[in-house]
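Undergrad: Listed below are the residues making up each chain.
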Amino acid sequence: MARRFSSRGLLFSLIGLLLPASALTCMAQESPYIVTYDHYLEEPGNLEVEYFSTFGTQRAGNDFHAFWAEFEYGATAWWTTEVYLDGQTTFGDSTLFTGFRWENRLRLLQREHFINPVLYLEYEQISAADKMLKEVEGHDVESDYAVPSALARKEHNHELEFKLLLSKTFAGWNVALNPLAAKNLTGGNPWEFGYAIGASRPLGLKASANRCNFCPENFIAGVEMYGGLGDRHSFGLHDTSHYLAPVVAWNLPSDWILRLSPGFGLNDNSHSFVLRWGVSREFSGFGAIVSRLFGGQKQ
Amino acid sequence: MKPQKIATRPRLKTSAVNHRRSGIVVTMAVAIAISLSVCYAQAQKEKSRSGKKGESVYAELAKAPKKARDRQNPLQHDPEAVAAGAKLFAQHCAECHGEMAEGGRKAPSLLANEVRQASPGSLFWILTNGVVRRGMPVWSKLPEPQRWQLVTYIKSLSPSAAKPQAPPARTEPNP
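Chains as they are written, first to last, in our numbering: chain G, 56 to 354; chain X, 33 to 207.
Rather than coming from a laboratory, the hints here were simulated on the basis of the structure. Bear in mind that the values here come from a model prediction, so they are computed numbers and not experimental data. Possibly wrong hints are sitting among the right ones.
Claimed, not checked - Result set (BS3-like, lysine-lysine): computed pairs, CA atoms no more than 27 Å apart in a straight line:
| # | chain 1 | residue 1 | chain 2 | residue 2 |
| --- | --- | --- | --- | --- |
| 1 | X | K98 | G | K223 |
| 2 | G | K261 | X | K99 |
| 3 | X | K95 | G | K223 |
| 4 | X | K98 | G | K261 |
| 5 | G | K261 | X | K187 |
| 6 | X | K95 | X | K187 |
| 7 | X | K99 | X | K187 |
| 8 | G | K223 | G | K261 |
| 9 | G | K209 | G | K238 |
| 10 | G | K223 | X | K99 |
| 11 | X | K98 | X | K187 |
Unchecked claim - Quick list of the computed label-pair ranges, beta carbon to beta carbon:
| # | chain 1 | residue 1 | chain 2 | residue 2 | range |
| --- | --- | --- | --- | --- | --- |
| 12 | G | L258 | X | Q108 | 23 to 31 Å |
| 13 | G | V334 | X | A61 | 23 to 31 Å |
| 14 | G | F225 | X | E112 | 22 to 30 Å |
| 15 | X | Q149 | G | K238 | 48 to 56 Å |
| 16 | G | L260 | X | S188 | 18 to 26 Å |
| 17 | G | F274 | X | S190 | 32 to 40 Å |
As the list claims (entries may be wrong) - Not everything, but these chain X residues come out facing chain G in the computed CB check (under 10 Å):
| # | residue |
| --- | --- |
| 18 | D110 |
| 19 | E112 |
| 20 | K119 |
| 21 | R137 |
| 22 | T160 |
| 23 | G162 |
| 24 | V163 |
| 25 | V164 |
| 26 | R165 |
| 27 | G167 |
| 28 | S172 |
| 29 | K173 |
| 30 | Q181 |
Glycine included, C-beta positions come from ideal geometry on N, C-alpha and C.
Next up, chain G with everything else stripped away, as it sits in the complex:
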């Protein structure tokens, strides 16, 4: 009973925070990437709430639908912090909550340079049933996902993940490269490595004078590629999976952002097809609202 009450209280608190914030939306120019990161952080004080889905095919097993909610907050102009809540449905099996992630991105240089580095730090507490494919690392292969959820969920992992986000925007094009290293703190697992690269460009570089849904500048299209690079003992492409995925984002004037990305496995260790889509909305001034709730000054 107490547990139910606290859940309801949490829900009401969230609604209470988001309702006033809904009056403070602002349009963002979001990148279309789903796995790759560019060097742009959340604007300070803004909260972006996102929902993403991943449908994946599975050989020698049931297809799955993984989903996650993402709360991204711009703590400062050089620090963005994010919380993910993950879940998945394996068709013909079950639906379950698989864990959470806490991610931080820190901008290392004050100004724009030829290449702009951002440090990415993430802590994950997820079960082995997690299937969101937010990144691919080490020797992750398709057969890992064939384990029944009831068995996989019993294994809990605590993982630290580091990425160096390198990104450059030139003549409208953004090019990003994200090498990653991850360490599972549970058991004696070795460091694992992976990568993600992406390129994207708005369909229109100049803004039109009128508010419009279908103006070319509202659409950003690109492609991303990601995969594992083995681990400390066996670095390389052997027994790894890789994906290539076109991506497109639609930044609507009504402050909603839609993303779509069909992905294709590039070798026999990869899922043949992965379809992702996401919807997000940005709320400006969220930090100020929270501050006011706790007696801070009115803005």
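Based on the hints, put chain X in the right spot on chain G.
TA: Relative to chain G, chain X alone:
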């Protein structure tokens, strides 16, 4: 992502109680860290409002390199640039600088003489690089023509168009 290959190496002996305890501890740590980040962000904003002693909030404009300062606005005579810039300003900048660019608690007025006298190249440079340490993000994610449209709009502003109750500006400019 999936660190263990369960199919080949099942390892399910860990106590469920220990996992639950560690889960609660980690969850609390994350919640505390998030709360601290919000508090820290607010503290940073307060700190940036006070600014460095004696340093004008518009001093960043003077830091633009000569090559950047001297850049000409390619859209200066574009008939649609002001309207498009106004739309972009409402979307990205008005939240901090005010709807009429009159300034607010988070960002200074863009109607000040320092801004009006700044070269288009300097404004473009500030938009591109931001003033990260004082809260203004980089806006290079906007394509270059859109940043020039914003510059065109900002240069078209006149103080008489602003609302009369402009609060004092005490921080760095947002675009």
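Undergrad: Would you mind marking each hint as holding or not holding in the structure?
TA: Here is how each hint holds up against the structure:
1. X:K98 x G:K223: With a Cα-Cα distance of about 23 Å, the restraint between X:K98 and G:K223 holds, given a limit of 27 Å.
2. G:K261 x X:K99: Roughly 24 Å between the alpha carbons, so the hint for G:K261 and X:K99 holds.
3. X:K95 x G:K223: 22 Å, holds
4. X:K98 x G:K261: 26 Å, holds
5. G:K261 x X:K187: Holds, at about 18 Å.
6. X:K95 x X:K187: Cα-Cα ~19 Å, so holds.
7. X:K99 x X:K187: 19 Å, holds
8. G:K223 x G:K261: 19 Å, holds
9. G:K209 x G:K238: 19 Å, holds
10. G:K223 x X:K99: 20 Å, holds
11. X:K98 x X:K187: OK: X:K98 and X:K187 at ~19 Å, within 27 Å.
12. G:L258 x X:Q108: 23 to 31 Å: Given range 23 to 31 Å: holds, Cβ gap about 25 Å.
13. G:V334 x X:A61: 23 to 31 Å: 30 Å, holds
14. G:F225 x X:E112: 22 to 30 Å: The hinted range 22 to 30 Å holds for G:F225 and X:E112, with Cβ atoms some 25 Å apart.
15. X:Q149 x G:K238: 48 to 56 Å: About 54 Å separates the Cβ atoms of X:Q149 and G:K238, which means 48 to 56 Å holds.
16. G:L260 x X:S188: 18 to 26 Å: 21 Å, holds
17. G:F274 x X:S190: 32 to 40 Å: The hint (32 to 40 Å, Cβ to Cβ) holds, given that G:F274 and X:S190 are roughly 35 Å apart.
18. D110: At 8 Å from the nearest chain G Cβ, X:D110 passes the 10 Å test, so the hint holds.
19. E112: 5 Å, holds
20. K119: Status holds, d = 6 Å.
21. R137: Holds. Min distance 5 Å.
22. T160: Since the shortest Cβ distance to chain G is 6 Å, the answer is holds.
23. G162: 6 Å, holds
24. V163: 8 Å, holds
25. V164: Cβ of X:V164 sits 4 Å from chain G, so the hint holds.
26. R165: Hint on X:R165: holds, closest Cβ of chain G at ~6 Å, below 10 Å.
27. G167: 5 Å, holds
28. S172: For X:S172, the interface hint holds, since the closest Cβ of chain G sits about 5 Å away, which is under 10 Å.
29. K173: Status holds, d = 5 Å.
30. Q181: Where the cut-off is 10 Å and the nearest Cβ of chain G is about 6 Å from X:Q181, the hint holds.
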